[in-house]
Structures are given as structure tokens and as C-alpha cells.
Amino acid sequence: EKLGISQAMKEKSIDIALDVQSRTVFFQRSRGADVYIIAGWRNQHTVAWVGPPHIKSLQDLKGKRVSISDFNSLRHWGIQIQLRKAGLDIERDVEWVRTGVSEHLHEEALKNGKVECAPVSVRTAQSLKKEGCNVLVVPRDQYPNGFPQRIIAATGRILEERPDLVKKFLKGLIRSYWFVRDMPKNFEFLYNLDKRLRLETADPEERVHNPRRYTIHFLESQPFPLDGLATGFEDMLREEKLIGGLEYDVPAVASVCAQDLVAEAYKELRAQNELQPEYQRVHAIAERYGY
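So for the sequence shown, the numbering used here puts the first residue at 1; every next one is plus one.
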């Protein structure tokens with residue numbers, strides 16, 4: 001993604017890309033690519049990192065195994081930062097174990113002794129704590145301004161030629177964020193949608209519908225920003241530098257972000273009286289989670 005996204009968007013005539021790591025766009029902009037961050041996607045950490053009873057701190061993970069969903073994934077990125085802060089060499093001091101995407105796989109790996117540290121939801125972490133495990137770090141506590149893990153990217157061309165179209169897309173995006181987090185109202189629809197999509201996918205790792213994972217809590221806790229904005233870039237860049245990921249001339253945030261359209265889209269949605277009940281419901285949920 002880091003090296004190829006700009007070229008891939010050009011070759012496939014893609015104007016807007018979803019679910020892109022924010023650090024990817026900073027790297028691409030440093031190389032002069034015509035791609036910008038236009039909105040947020042996942043704008044906060046949602047997991048806690050847990051260890052078995054004999055692992056008391058992140059420092060205790062030296063020489064141990066750490067569970068991740070995949071290399072260069074959000075979980076891998078997030079725990080690299082925390083381990084580096086704890087004084088560990090992220091290349092030599094730990095063994096990375098690719099466990100899979102679903103939370104239950106990480107929880108099982110931890111309980112079965114396959115790893116000594118695993119990412120789970122904050123709620124699951126509290127349950128594991130009651131069983132004797134230790135919560136080693138909850139990254140979201142360190143980022144009160146958000147952490148732009150993944151964002152929405154767009155080409156400068158589409159922003160210049162069709163800003164009206166982009167704003168319509170962003171309105172739909174914001175409404176989808178509200179819809180997903182509007183629990184329990186939309187749970188049945190999304191639950192059944194997940195089952196159908198997993199049945200139809202060609203990816204064998206994505207075919208399993210896990211009702212234990214797909215819950216009201218899981219959906220309402222998704223870190224989709226209600227206003228559509230990606231925030232916390234200064235923190236993200238500082239942490240990326242900490243793990244050696246900024247070995248290039250980093251462009252200014254203002255030259256990478258073009259979020260004026262998403263701000264306008266949100267303002268116009270908030271002005272629609274018929275949307276106020278929905279917004280008030282999801283706003284209360286966001287206040288409860290802190291993001």
C-alpha cells in the first residue's frame with residue numbers, strides 16, 4: 001500500500017480510496033503524488049493489549065511472542081509504537097505471530113499459550129483481567145485528540161474537477177458512520193448483511209461469521225468519526241518517527257489534508273432537522289466511548 005497506492009489509483013482510474021493508512025498518504029505526498037486525505041475512517045485505537053498472569057508489563061515481553069492480525073496491519077503498527085516506548089527493539093526483542101483478524105483467534109492464542117501478548121477489545125480485556133490476565137496497555141488512553149489509523153484518500157484531480165460529487169460522497173460516508181454506530185436500532189440489518197457478505201466472499205479467511213464478535217458493542221464502538229474528520233496527525237507522525245517510519249522529508253499536514261469538503265458535508269447534514277434524532281442517538285454513544 002505504502003509504495004503502490006498512488007500508481008494503482010492512476011492505473012485503475014480510482015478517484016477515491018477507502019480504508020487507507022494515513023502514513024501511506026504522507027509518504028506518497030513526499031514523493032509528489034497527487035493524492036490527499038479528505039476524511040477520517042478509523043480515527044482511534046479500539047483494542048487493549050493483554051498478557052497472561054506472568055507478564056506484568058510490556059518490558060516483560062522481551063524474547064516473547066506477540067499476536068498480530070497481519071504484518072503492517074493496524075494492530076502491528078499500534079503495538080510496535082507501544083513496545084518501542086517500553087524500550088524494546090521491535091525487530092529483535094519479540095517474535096511476531098500472525099494470528100488472524102477476528103478477536104476470538106487472538107484470545108484463544110493467548111489462553112492456549114501460543115503468544116504472550118494479544119490485542120482484544122477493551123471489554124474483553126476486562127473479562128480476561130478477572131481471569132488473572134494483565135492489561136499491558138490501552139493505546140487510546142494516550143491519544144485524546146484521536147489517532148488517524150485509516151483515512152479516506154482522493155486524487156487532487158477529482159477534488160478540483162468535481163468537488164460537488166466528492167461532497168455528496170462524503171455526506172453518504174458520514175451517514176454510514178452514523179448508521180453503523182446507531183445501536184441497537186440497526187443491529188439486525190448489519191448482522192444479516194455481515195452473514196451474507198461473508199457467505200459470498202472469495203477470501204477463505206473472511207468466510208466465517210462469528211456471532212460472538214459481531215455484537216452491538218462491537219458495532220457501536222467502531223472508531224468512525226461522527227463528523228467525518230481525521231484528527232491527531234501530529235501524534236501519529238511523532239509515533240511513526242519513534243519506530244523509524246519517517247525516513248523521508250515529511251510534508252506539512254496542511255499540504256497532505258484537504259478536509260474542507262467533509263467539514264462542509266457535516267455542517268449541511270447537521271442542519272437537516274429530520275436527522276437530529278439519529279444524530280443525538282449516535283452522539284450519546286460517541287460520548288460514552290470517548291470518540
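Simulated from the structure, these hints should not be mistaken for lab results.
Some hints here could point you the wrong way.
Distance condition first, Cα-Cα at most 16 Å in a straight line; then the derived EDC-like pairs of lysine to aspartate or glutamate [said to hold, decoys possible]:
hint, residue 1, residue 2
1, Lys167, Asp260
2, Lys171, Asp34
3, Lys85, Asp141
4, Lys12, Asp34
5, Lys62, Asp34
6, Lys167, Glu278
7, Lys267, Asp227
8, Lys85, Glu264
9, Lys168, Asp70
10, Lys62, Asp93
Estimated spans, in silico, between C-beta atoms of each pair [said to hold, decoys possible]:
hint, residue 1, residue 2, range
11, Asp34, Gly172, 20 to 28 Å
12, His283, Glu91, 27 to 35 Å
13, Ala254, Glu95, 24 to 32 Å
14, Pro163, Arg123, 35 to 43 Å
15, Lys56, Val180, 33 to 41 Å
16, Ala254, Val135, 15 to 23 Å
Beta carbons: idealized from backbone N, C-alpha and C, even for Gly.
Verification of the hints:
About 9 Å separates the Cα atoms of Lys167 and Asp260, which keeps this hinted pair within 16 Å; it holds. The straight-line distance between the Cα atoms of Lys171 and Asp34 is roughly 23 Å, outside the 16 Å bound, and the hint therefore fails. Of the pairs offered as hints, the one joining Lys85 and Asp141 holds, with about 15 Å between alpha carbons and a cut-off of 16 Å not exceeded. At most 16 Å may separate the alpha-carbon atoms for a hinted pair to count; Lys12 and Asp34 meet this at roughly 15 Å.
As the CA atoms of Lys62 and Asp34 are separated by approximately 42 Å, the hinted pair breaks the 16 Å bound. Between Lys167 and Glu278 the alpha-carbon distance is near 20 Å, which puts this suggested pair outside the 16 Å criterion. Of the pairs offered as hints, the one joining Lys267 and Asp227 holds, with about 8 Å between alpha carbons and a cut-off of 16 Å not exceeded. Note on Lys85 and Glu264: the hinted pairing is violated, with a Cα-Cα distance of about 38 Å set against a maximum of 16 Å.
Taking the CA atoms of Lys168 and Asp70, the gap is near 34 Å; set against the 16 Å cutoff, the hint is violated. For a cut-off of 16 Å, the pair hint linking Lys62 to Asp93 stands: about 5 Å separates their Cα positions. A beta carbon spacing of about 24 Å between Asp34 and Gly172 agrees with the range 20 to 28 Å that was offered as a hint. At roughly 43 Å, the beta-carbon separation of His283 and Glu91 lies outside the given 27 to 35 Å, and the hint is violated.
About 40 Å separates the C-beta atoms of Ala254 and Glu95, a value inconsistent with the hinted range of 24 to 32 Å. Remark: the range hint 35 to 43 Å for Pro163 to Arg123 is upheld by a beta-carbon distance near 41 Å. In this structure, Lys56 and Val180 meet the distance hint of 33 to 41 Å, their C-beta atoms being roughly 36 Å apart. Checked against the hint of 15 to 23 Å, the C-beta distance between Ala254 and Val135 comes to roughly 37 Å, which is inconsistent with it.
Of the numbered hints listed earlier, those contradicted by the structure are 2, 5, 6, 8, 9, 12, 13, 16.
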